[in-house]
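Q: This is what each chain is made of:
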Amino acid sequence: MQYTLSVLVENHAGVLSKISGLFSRRGFNIDSLAVGVTSNPDVSRITIVANGDEYVVEQLEKQLNKVIPVIKVKCLTGGEFISRELILIKVHCAAAKRVEIIKTAEIMQAKIVDVAPGCVTVEYCECTNRINTLIDLLRPYGIREIVRTGTIAIDRGNTALSV
Amino acid sequence: MISGAEIMVKCLEAEGVKVVFGYPGATICPFYDKIYESSIKHILVRQEQNAAHAASGYSRCSGLPGVCVATSGPGATNLITGIATAYADSVPMIAITGQVKTDLLGRDVFQEADITGACEPFVKHSYLVTKTEDLPRIFKEAFHIASTGRKGPVLIDIPMDIQTNKIEDFHYPETVNIIGYKPNTRGHAVQVRRAVEAIKKSRRPLIVSGGGVLSSGVKLKFQAFADKTKIPVISTMMGIGVMPSDSDMYLGMLGTHGKPVANRALHDADLVIVCGARLGDRAVASPDQMSENTTVIHIDIDPAEIGKNVKTEIPIVGDMKNVLNMLNEEIGDYVVPNQWQETVKNWRKSFYRIPPKFDGFVEPRALVAQLSSMLRSKAILVADVGQNQIWCANNFMIREGRFLTTGGMGTMGYSIPAAVGVKFARPSRDVVVVCGDGSFQMSMNELATIAGNNLAIKIIIMRNHRLGMVRELQDMNYGSRHSATILEGDPDFQKIAEAYGIDHAEANSNEEAEEIIKEMVKSDKPFILVCNVYPDTPSI
Chain A
1 MQYTLSVLVE
11 NHAGVLSKIS
21 GLFSRRGFNI
31 DSLAVGVTSN
41 PDVSRITIVA
51 NGDEYVVEQL
61 EKQLNKVIPV
71 IKVKCLTGGE
81 FISRELILIK
91 VHCAAAKRVE
101 IIKTAEIMQA
111 KIVDVAPGCV
121 TVEYCECTNR
131 INTLIDLLRP
141 YGIREIVRTG
151 TIAIDRGNTA
161 LSV
Chain B
164 MISGAEIMVK
174 CLEAEGVKVV
184 FGYPGATICP
194 FYDKIYESSI
204 KHILVRQEQN
214 AAHAASGYSR
224 CSGLPGVCVA
234 TSGPGATNLI
244 TGIATAYADS
254 VPMIAITGQV
264 KTDLLGRDVF
274 QEADITGACE
284 PFVKHSYLVT
294 KTEDLPRIFK
304 EAFHIASTGR
314 KGPVLIDIPM
324 DIQTNKIEDF
334 HYPETVNIIG
344 YKPNTRGHAV
354 QVRRAVEAIK
364 KSRRPLIVSG
374 GGVLSSGVKL
384 KFQAFADKTK
394 IPVISTMMGI
404 GVMPSDSDMY
414 LGMLGTHGKP
424 VANRALHDAD
434 LVIVCGARLG
444 DRAVASPDQM
454 SENTTVIHID
464 IDPAEIGKNV
474 KTEIPIVGDM
484 KNVLNMLNEE
494 IGDYVVPNQW
504 QETVKNWRKS
514 FYRIPPKFDG
524 FVEPRALVAQ
534 LSSMLRSKAI
544 LVADVGQNQI
554 WCANNFMIRE
564 GRFLTTGGMG
574 TMGYSIPAAV
584 GVKFARPSRD
594 VVVVCGDGSF
604 QMSMNELATI
614 AGNNLAIKII
624 IMRNHRLGMV
634 RELQDMNYGS
644 RHSATILEGD
654 PDFQKIAEAY
664 GIDHAEANSN
674 EEAEEIIKEM
684 VKSDKPFILV
694 CNVYPDTPSI
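Taken in order, these protein sequences are the chains called A and B.
Number 163 marks the last residue of the first sequence (the numbering used here); no jumps.
Number 703 marks the last residue of the second sequence (the numbering used here); no jumps.
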């Protein structure tokens with residue numbers, strides 16, 4: 001099962017290595033990891049998507065809580081939350097196929113951010129599933145390059161994670 | 164104006180540090196120049212790893228964080244095994260390392276090592292100091308983190324220019340505020356009530372005592388609890404000494420190398436109260452060591468330990484001291500059912516069996532069993548790792564003293580340097596080391612520290628010319644192919660003792676050994692007793 005965890009940490013050098021080291025050390029598999037500063041400049045928020053059973057996720061939360069600069073850990077899975085990834089896809093594009101590709105992007109509500117002879121670049125910000133769908137749709141044209149961020153996620157409704 | 168090095172010394176003084184163990188080098192020289200004129204005693208060890216072990220021994224017997232110091236690069240990397248040992252054994256420790264100047268960091272200069280990076284998996288927390296102004300706060304935080312919650316080592320890596328830079332003023336903070344570190348020490352009242360209900364419902368309850376009981380400093384209350392409720396106690400290796408060996412409630416150490424009666428009790432119990440233990444693979448190797456229907460109550464200050472190795476029905480996060488008080492109050496005058504008491508009484512009868520002797524050799528298990536009666540009641544026994552450790556764990560009749568060994572990490576060479584630290588923490592106690600001829604040679608360089616400080620540490624070497632425990636494994640699992648377990652080229656240990664000016668003797672029978680021990684404990688000088696042990700003596 002896939003789990004999404006939000007981790008608030010002190011915004012210091014070295015904190016990220018403490019956390020990523022913990023994952024490899026304890027044999028936990030990370031699917032993605034994204035870091036950014038929060039509204040409080042002293043606090044960063046790390047979003048981790050990890051795979052495992054209940055035991056693994058419980059251990060993961062507990063071990064993360066033991067890291068001194070970790071302020072709070074919350075497993076979003078279980079409640080309702082919104083998650084997003086950003087992807088840039090460079091696709092082969094002969095002139096004859098350009099309209100078709102642009103149409104596909106439009107249907108998916110993705111943006112064309114660059115066009116050059118022989119290729120277009122598509123920007124897409126969505127949840128993992130929809131991003132994968134877009135990739136599947138574009139694959140037949142020939143994907144030249146993919147750049148993808150880690151997932152970020154936030155609770156729906158009034159709950160907010162803060163220090 | 165005050166330099167970083169002076170601040171470091173003042174921080175240690177403010178924390179009440181009386182002694183540090185270390186080894187100097189270029190990048191830590193500013194600190195050494197200041198400690199030279201301070202009230203803090205510096206003990207020069209002969210290799211940095213032993214400074215960490217000495218700090219560990221000091222800490223475990225004083226209740227204060229032990230402090231060890233090393234220089235950058237190889238000095239720092241030599242500390243790692245000692246730091247990792249303290250981490251696995253949950254021992255509070257402050258490790259201070261020198262580092263190359265901040266403007267040289269990351270350039271792979273002479274004696275540079277990324278020690279905060281290298282120690283990441285083995286420390287509770289670490290700091291690389293980048294501003295002299297930060298030193299007081301960092302020291303305050305480091306001591307707080309090391310000695311609260313689940314205790315452990317904290318590393319402070321201090322570049323040389325941070326030590327030499329001067330700032331206006333020194334002010335040691337009175338409080339710490341680490342937003343992400345607020346260990347929960349109070350037990351949850353509802354969980355305690357649930358635990359007591361379960362205990363009262365059970366027919367065969369059992370306590371497993373771990374090192375957490377000792378580090379919480381609650382030994383006597385724990386004994387009183389067991390005596391009052393008549394709940395039998397078994398212990399992990401780190402928990403040995405929580406109960407006196409002659410207690411009717413005590414059934415010995417559990418696990419692969421433990422007492423058969425302890426494992427039997429664990430198997431037969433219908434409720435197990437795990438107190439400050441992680442129950443690693445050597446304690447509970449497979450879940451079928453416990454009955455499927457056993458209810459597990461796990462009390463630990465580290466929530467991550469609960470449910471990690473053993474499935475737990477009733478978790479209680481908190482300091483043993485608080486939780487035990489709550490349990491004691493809640494349980495009232497409960498006493499375990501008579502039938503279970505009778506069973507335990509019968510098991511106690513087979514607690515100690517006299518092992519067969521071999522002519523011309525010392526029988527180590529019998530000797531260790533007699534050892535306590537020749538020492539004062541608060542004696543501290545430090546065992547190394549290997550067969551000697553198991554012989555001691557199962558046979559030393561502990562009274563009011565301590566049994567120290569590295570049950571968590573299992574670091575060979577621990578006993579001698581740890582005993583150095585113990586002697587500084589408890590100078591008036593009998594301090595005895597039991598080690599093998601393998602482990603002795605891993606840290607015999609520390610005989611210089613012992614001789615140089617005239618520490619009355621009595622070292623008993625169980626010599627069997629083997630790496631006995633590995634050899635036993637080879638006999639059982641590898642068709643007796645003794646690959647690299649026969650110690651060839653061993654020196655004459657008595658001559659080694661002689662070279663350091665340490666009194667010594669050799670024994671070839673238990674009678675002989677006991678005569679020598681009775682004499683050696685009378686002197687206030689170090690002593691080395693070499694006991695020749697029959698090579699096939701088993702661990703258990």
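One should not assume that every hint holds.
Listed next, with one range per pair, are the computed distances between beta-carbon atoms [stated by the list, open to error]:
#	chain 1	residue 1	chain 2	residue 2	range
1	B	272	A	30	54 to 62 Å
2	A	130	B	647	41 to 49 Å
3	B	181	A	159	45 to 53 Å
4	A	25	B	272	51 to 59 Å
5	A	25	B	181	42 to 50 Å
6	B	348	A	30	28 to 36 Å
7	B	274	A	30	28 to 36 Å
In short, the hints are calculated from the structure, not lab data.
Ideal Cβ positions, reconstructed from N, Cα and C, are used throughout, including at glycine.
Q: How does the Cβ-Cβ distance of residue 130(A) and residue 647(B) compare with 41 to 49 Å: does it lie in that range?
A: Violated - the Cβ-Cβ distance for residue 130(A) and residue 647(B), about 59 Å, lies outside 41 to 49 Å.
Q: Range first: 51 to 59 Å. Now tell me if the beta carbons of residue 25(A) and residue 272(B) are that far apart.
A: The hinted range 51 to 59 Å is violated for residue 25(A) and residue 272(B), with Cβ atoms some 28 Å apart.
Q: So does residue 181(B) sit 45 to 53 Å from residue 159(A), Cβ to Cβ?
A: 51 Å, holds
Q: For the hint 28 to 36 Å, verify it against the beta carbon of residue 348(B) and that of residue 30(A).
A: Cβ of residue 348(B) to Cβ of residue 30(A): about 32 Å, so the range 28 to 36 Å holds.
Q: Can you let me know if the beta-carbon spacing of residue 25(A) and residue 181(B) is within 42 to 50 Å?
A: 35 Å, violated
Q: Do residue 272(B) and residue 30(A) keep their Cβ atoms within the hinted range of 54 to 62 Å?
A: 34 Å, violated
Q: CB of residue 274(B) to CB of residue 30(A), is that within 28 to 36 Å?
A: 35 Å, holds
Comparing the model with each earlier hint shows violations of hints 1, 2, 4, 5; every other hint is respected.
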